[in-house]
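Trainee: All chains should be built: construct the whole structure from the sequences, respecting the hints.
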Amino acid sequence: MEVPPVRVDLEDILFSRGQFSLRGSGTFGEGVHLVSGPVGSGKSTLALMLAELNRPESGAVRRHGISSALLLLQFPEYHITCSTVAEEAGSWGLDPDELLVRADLAGRGDDDPFHLSRGELKRLILACMIMRNPDLLMLDEPFSSLDCAAKRRACSMIEERSEGITIIFSHERAVLPRVDALWEMEGGTLKALGRVPGAIPRWRHAPPYLTYALEQGARPENIRLQDAREALCRTQG
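So in the UniProt record's numbering, spot 171 of the sequence shown is number 171, and the numbers just go up one at a time.
Since the hints were made in silico from the structure, they are not lab data. For glycine and all other residues, C-beta sits at the position ideal for the given N, C-alpha and C. It is possible that part of the hints are untrue.
The calculated label-pair distances, taken between Cβ atoms and stated as ranges, are [said to hold, decoys possible]:
id : residue 1 : residue 2 : range
1  : Arg152    : Pro201    : 22 to 32 Å
2  : Pro201    : Thr27     : 16 to 26 Å
3  : Asp110    : Ser67     : 26 to 36 Å
Mentor: Structure (structure tokens):
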């Protein structure tokens, strides 16, 4: 099997804190990966480890061909360093006007970032990170605090990335982007389900619309609601 030139390898990692333990092995290559699982299953712990903010007690996290990496934290307030939204955009080396349009915050450049709602703040930081286009982009619960329309915009931004590695850690089960590979966290254990679409029938945390489509004999090509609808249309002729 060909080894991806740009990748992150997890080599039998073990991380423990109190009664919780995280274990896993696998390779994250180029493309969009979704790590799903319920709250408390270890997704955020794994995100911190891949970002090299936590270190495993045993095993190793090895990066290959990666010169830049960014992690979106669950709480976007932790990212703020400036007193206005426009200054925050500039601190990322980005054009404020372009960024504000991408984040659906046009006209808000003079606002204090802490006067934004959490959803607006998350859109701002997500747009900053995607526009910076790192080799490795890790997104911890990028859809939390967003309404459905904002979730769809976030998905569109994620889908615009045409290179590098994107890893989404999320328990979202309603609005999701196209992905290339599926992973699951269950009780602290990471499981690689494989490439999409072949991995979809093995996905225990699949959204209800995908489960329904599979029960009807449909074979969605990806994990979005529209993929399930299209598969059902093909099945029903």
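Trainee: Decide, hint by hint, whether the structure agrees.
Mentor: For each hint, the structure was consulted:
1. Arg152 / Pro201: 22 to 32 Å: Holds: the Cβ-Cβ distance is about 25 Å, inside 22 to 32 Å.
2. Pro201 / Thr27: 16 to 26 Å: Roughly 22 Å apart at Cβ, these two residues keep to the hinted range, so it holds.
3. Asp110 / Ser67: 26 to 36 Å: holds (34 Å)
The earlier numbered hints are all upheld by this structure, with none contradicted.
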